[in-house]
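Peer 1: Sequence:
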Amino acid sequence: MIAVDELVHNKGAKALENPNPCKDLKVHLSICLELQKLVDRILHIILATESARPNCTLAIKALCSLHLHLNKANSIIKHSSECSKLYMAMTSHRILSRCEKIRNAFELYLTQIQSAVPLSLAAEISGILHDLKDTEFSLGIEEVEARKAILALYEKDLNDSASSMENAELEAIQIATSRLKINSTFSLIVEKASLRKQLDQVINNDTNQKEKQLLQYLLYLLMRYGKFIHQIGSNSLDHDLVVDKEHSHQVMESIDNVVRDFEVLST
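Anchor point for the sequence shown: position 78 equals 78 in UniProt numbering, and the numbering is continuous, going up by one each time.
Derived by calculation from the structure, the hints in this document are not laboratory data. Be aware that one or more of the hints could be misleading.
[Said to hold, decoys possible] In silico PhoX-like cross-links for lysine-lysine, where the CA-CA straight-line distance does not exceed 20 angstroms:
| no. | residue 1 | residue 2 |
| --- | --- | --- |
| 1 | Lys-61 | Lys-148 |
| 2 | Lys-78 | Lys-192 |
| 3 | Lys-192 | Lys-156 |
| 4 | Lys-210 | Lys-192 |
| 5 | Lys-133 | Lys-148 |
| 6 | Lys-133 | Lys-101 |
| 7 | Lys-181 | Lys-212 |
| 8 | Lys-101 | Lys-37 |
| 9 | Lys-133 | Lys-181 |
| 10 | Lys-72 | Lys-37 |
| 11 | Lys-78 | Lys-227 |
| 12 | Lys-227 | Lys-212 |
| 13 | Lys-61 | Lys-78 |
| 14 | Lys-197 | Lys-148 |
| 15 | Lys-181 | Lys-210 |
[Unchecked claim] Label pairs and their in silico Cβ distance ranges:
| no. | residue 1 | residue 2 | range |
| --- | --- | --- | --- |
| 16 | Ser-163 | Asn-204 | 23 to 29 angstroms |
| 17 | Ser-30 | Ser-184 | 22 to 28 angstroms |
| 18 | Lys-156 | Lys-61 | 30 to 36 angstroms |
| 19 | Ala-52 | Met-223 | 33 to 39 angstroms |
| 20 | Lys-101 | Lys-148 | 20 to 26 angstroms |
| 21 | Leu-29 | Asn-208 | 49 to 55 angstroms |
| 22 | Asn-71 | Thr-135 | 37 to 43 angstroms |
| 23 | Val-144 | Glu-82 | 17 to 23 angstroms |
| 24 | Leu-108 | Val-144 | 28 to 34 angstroms |
| 25 | Asn-183 | Thr-57 | 32 to 38 angstroms |
| 26 | Ile-141 | Ser-184 | 20 to 26 angstroms |
| 27 | Ser-51 | Ser-184 | 16 to 22 angstroms |
| 28 | Leu-68 | Glu-155 | 20 to 26 angstroms |
| 29 | Lys-210 | Thr-111 | 17 to 23 angstroms |
Since the model is a prediction, treat every value here as computed from it, not as a measurement. Ideal Cβ placement from N, Cα and C applies to all residues, glycine included.
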């Protein structure tokens with residue numbers, strides 16, 4: 001029991017050392033601010049519970065589980081600060097699902113702790129449990145529209161003419177980058193760098209082919225149409241655009257199954 005107490009205490013102390021990452025958020029602002037409020041309140045409960053040293057095995061296990069889910073919440077916030085905006089928009093419905101699971105876990109483990117702590121702390125937990133029931137996570141309209149624009153590409157017939165596919169890709173990436181405020185040379189460089197960094201991590205881990213294909217396709221769109229992303233509403237491509245038709249067709253085929261999976265997640 002002492003070893004478990006020390007483990008929980010060390011985790012709590014370490015969590016306090018972490019700076020607030022919300023100031024650097026790229027996307028999911030509403031979701032991450034809601035998560036951060038929960039993290040701060042629940043961390044306070046954890047530290048207060050540790051100080052009370054409950055003599056209850058269930059409560060100690062619940063504390064460990066709370067730490068695990070605090071880490072998951074912090075991971076979402078961290079990724080929303082570091083990852084590609086386009087990637088985060090494309091996987092936004094998966095993020096919503098993770099947030100719902102984290103909220104449900106918070107509710108479960110706080111309930112298990114409540115009966116093992118002093119009355120004043122139990123009352124504070126009651127307030128958090130009440131707020132958890134009312135907590136809702138929602139996406140920004142800009143993320144929804146960006147995701148919708150890219151997904152629309154996969155309703156296109158792969159046998160369409162090359163110029164038709166080019167125009168569709170250009171329009172989609174123009175809309176998506178505009179909604180996500182990737183609207184300057186600097187922000188475009190940052191977005192490409194974020195995609196490359198994530199792609200390197202996925203390649204090195206060699207664990208998720210579908211994620212790799214999605215990242216490759218998003219980077220491909222930015223590399224191919226980057227200098228045109230400000231020209232929203234243009235009806236034709238500049239003559240300087242060099243098209244690799246064979247590569248485009250291969251990329252569309254390889255990524256098709258990936259995006260179908262994301263469509264299933266949104267239903």
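Peer 1: All the hints need checking, so say for each whether the structure fits it.
Peer 2: Going down the list of hints, with the structure as the test:
no., hint, verdict
1, Lys-61 <-> Lys-148, "violated (42 angstroms)"
2, Lys-78 <-> Lys-192, "holds (18 angstroms)"
3, Lys-192 <-> Lys-156, "violated (25 angstroms)"
4, Lys-210 <-> Lys-192, "holds (19 angstroms)"
5, Lys-133 <-> Lys-148, "violated (30 angstroms)"
6, Lys-133 <-> Lys-101, "holds (13 angstroms)"
7, Lys-181 <-> Lys-212, "violated (24 angstroms)"
8, Lys-101 <-> Lys-37, "holds (16 angstroms)"
9, Lys-133 <-> Lys-181, "violated (33 angstroms)"
10, Lys-72 <-> Lys-37, "holds (14 angstroms)"
11, Lys-78 <-> Lys-227, "violated (29 angstroms)"
12, Lys-227 <-> Lys-212, "violated (24 angstroms)"
13, Lys-61 <-> Lys-78, "violated (26 angstroms)"
14, Lys-197 <-> Lys-148, "violated (24 angstroms)"
15, Lys-181 <-> Lys-210, "violated (26 angstroms)"
16, Ser-163 <-> Asn-204: 23 to 29 angstroms, "violated (37 angstroms)"
17, Ser-30 <-> Ser-184: 22 to 28 angstroms, "holds (24 angstroms)"
18, Lys-156 <-> Lys-61: 30 to 36 angstroms, "violated (51 angstroms)"
19, Ala-52 <-> Met-223: 33 to 39 angstroms, "violated (56 angstroms)"
20, Lys-101 <-> Lys-148: 20 to 26 angstroms, "holds (24 angstroms)"
21, Leu-29 <-> Asn-208: 49 to 55 angstroms, "violated (26 angstroms)"
22, Asn-71 <-> Thr-135: 37 to 43 angstroms, "violated (19 angstroms)"
23, Val-144 <-> Glu-82: 17 to 23 angstroms, "holds (22 angstroms)"
24, Leu-108 <-> Val-144: 28 to 34 angstroms, "holds (30 angstroms)"
25, Asn-183 <-> Thr-57: 32 to 38 angstroms, "violated (55 angstroms)"
26, Ile-141 <-> Ser-184: 20 to 26 angstroms, "holds (21 angstroms)"
27, Ser-51 <-> Ser-184: 16 to 22 angstroms, "violated (49 angstroms)"
28, Leu-68 <-> Glu-155: 20 to 26 angstroms, "violated (40 angstroms)"
29, Lys-210 <-> Thr-111: 17 to 23 angstroms, "violated (36 angstroms)"
The structure fails to meet hints 1, 3, 5, 7, 9, 11, 12, 13, 14, 15, 16, 18, 19, 21, 22, 25, 27, 28, 29 from the earlier list, while all remaining hints are met.
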